[in-house]
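**Q** Here is what each chain is made of, one letter per residue.
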Amino acid sequence: MSAEENPAAEPAPVIDVQGDGRWMSQHNRFVQECKDAEPDVLFVGDSMVQLMQQYEVWREVFSPLHALNFGIGGDTTCNVLWRLQNGELENIRPRVVVLWVGTNNHEHTADQVAGGILAIAQLVLSRLPRSKIIVLGLLPRGEFPNPLREKNAAVNNLLRASLPQLGPVQFIDVGGSFVHSDGAISSRDMFDFLHLTASAYRTISTTLHELLLQMLEEMPQERRASLV
Amino acid sequence: MSEDANPAATPSPCQDIQGDGRWMSLHNRFVSDSKGKEPDVLFVGDSLVQLLHEFEVWRKLFSPLHALNFGVGGDATQHVLWRLVNGELDHISPKVVVLWVGTNNHGHTPEQICGGIMAIINVIHQKLPHAHTLVLGLLPRGKSPNPLRERNASVNALVQAEVASLSHVSFLDMDPGFILSDGSIAHQDMKQQQYSPSDVDNRSFTC
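Taken in sequence, the protein lines are chains A and B. The opening position of the first sequence corresponds to residue 1 in the numbering used here, with each subsequent residue numbered one higher. The opening position of the second sequence corresponds to residue 229 in the numbering used here, with each subsequent residue numbered one higher.
Keep in mind that the hints were calculated from the coordinates and are not lab data. Any given hint could be a false lead.
[As the list claims (entries may be wrong)] In silico contact screen, one side only, chain A against chain B (beta carbon under 7 Å); selected entries:
id	residue
1	Asp20
2	Gly21
3	Ser25
4	His27
5	Arg29
6	Arg141
7	Gly142
8	Pro147
9	Leu148
10	Asp173
11	Gly176
12	Asp192
13	Phe193
We put the CB at the ideal spot given by N, CA and C, even for glycine.
Only chain B is shown next, with the shape it has when bound in the complex (with noise of 0.2 Å):
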């Protein structure tokens, strides 16, 4: 699939509807973070990356390892691919990179998300090419089965498929269980039942 046809692989940043500017303030200040620091790791995604920072679990976890965090709430694969594109990989040579990102790809299909996400290794794997990526599997979400959770398994399916025969990506499935048999998840597991995933199973995240 093109760069063209698939809005999901086409670098795009955010627009600053709400009028604060947020979104590039994050950006820049990631570009910026990037020249001052010498990261190990770098985590880079959407809400699920960002909260992780936010929380106890990374103080003790993922800081000793030297980590960065540029995750954006919000931020779908096109927004990612854009950031990269853009400065946040220039300065810095991490050994590993966590990519976590895809649920926030709404209107787009499985096939599209998963070719955002291998446009975003692409570009990782071009800037840096000693580095290994990580890509988390995309957590199911809502309280009852529903397409979006079909979307999000579709796509762990086609992104474990396609880098299978990559030696310098590895894909992690990231859920420990959360849909319980009567195929409903735990509000204590995931407030919103989607992206703020409660501070006791952010314990659970540990790669």
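So that you can see chain A by itself, here it is in the shape it has in the complex (with noise of 0.2 Å):
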């Protein structure tokens, strides 16, 4: 599916109709932080990853990978496409981009949303082509079943089948746990029933670093092959 056909894969920014400018101001902060740092990992999507940054298990578990975290609460693909292709991808070369957007295409359909995020995919190949990437699936939201789980749940099937074509792209989906065999989802763990708590945040992460920590050592930093 091309661009011109799925608008899940067309870049766009937020439009700012509140009147603060706040999406623009993370934007700029973003491209800012790619001349400042030097990330290993970048992780990027929307309040899923920007949550994660809230909470202690960045500190302990990821800011010790040299991670940047660039989520943007309430994006799109479509945002998120746009922000990699307008500065978020200059001058760092992480090993491992982990990508998580998806939950909010509310307008398209589970195919165009798992069209975006090959195509977020797919730019991120061209732009680091040395670089590994993880995709997370979408979670299941609200207390009980309901389309959206549905629709996230296609998006996660059609990803399992299509990213390993791209190559150097893994698929993970750590949103197992979170439903109940009753079908209803935990407070516990989604306070609103979308994002999720601390102790769900540990429980996603420890996936998560065993994985990251497997791909940084395969691969050779670029550093050591510069001094020999």
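From the two separate chains plus the hints, produce the assembled complex.
**A** Pasting the structure below:
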């Protein structure tokens, strides 16, 4: 599905409807961080990514990996695509990019959302040919079974099938433990049945951290190579 | 200003546009929470209240006060009003209600937002005649000076004036100095420069 056919793969900034220009402020800050920092890991996405940095687990587990966090709450695949095309991949060479976005694409079908995520992965690989990518599956949401859970699961199934074809891209689904046998999600895991609590982030971070360590260890550091 | 004229003071539930019913799930949970618990302090409002519950500062400072948290991200005054009119105050008798809402009232004037906040204060007083309400001032938002900062400052001035004569209400200015001398707000103080005060600055909100 080309960008012309898929609205979820069309880069688009967030329009400042509220009047305080916060989205652009954040984007500009991230572009500046690309000039100042040398991350080994780049996290990019929506509030799933952004909120992670507010909890202790970020400092304990991901900061030590020299990670940058470019998450913005509310972002769709279109917004992330725009940000990455407009400076947020400049001047940095992260060895791994962690991508988590798609749950806010309310106007798009599961096919379109998966296509949008693929488009982002393709963009990253073209700009950072030596990087690897981890794509996190969309989490279930809502207290009880509902159409968005089905949609997010459908996106995940599409990603599972199509991402490996891109090359150094791994898909992981960390949402398995959140839906109980009665179909309910607990507010102890998602305080508003969408966003994760501190303890839920700890749970998913274990898997993510292990995979990151594995990937970082597999790759020769660029710095070492340049000294030879 | 009558309730009919002021959308910010007309109780309205949030419409489930996204399709997962989360707003109503939260409301229902708050109602059932209120049947089982006996809080001395009730926090009610938008994401600024809701997020407070997720950080260490809640366990350290507010849990020991037997506090309940009825914050819902994105709520404007009319949504909080609806929730309080529809069960969230029916089974509890807190001594203090902490109210923090208004920054999400997009499209409303400062007068309308103040009217919405006053409507909430009146409902609280009707349902909990012995409770004291602590209204928290709206925070500045956005990286640089902008119309929303002016709007929020106007709301604060209006509310402060209206509650001055009410013995059961107090107003508290929550801004410890977020705005720097060049007019900017640092992202370390506010992620997204509005609705997610970073963990560090949750500690400065100790009433």
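**Q** Against the structure, test the hints numbered earlier, and report the numbers of the ones violated in rising order.
**A** Of the numbered hints, 4, 10 and 11 do not hold.
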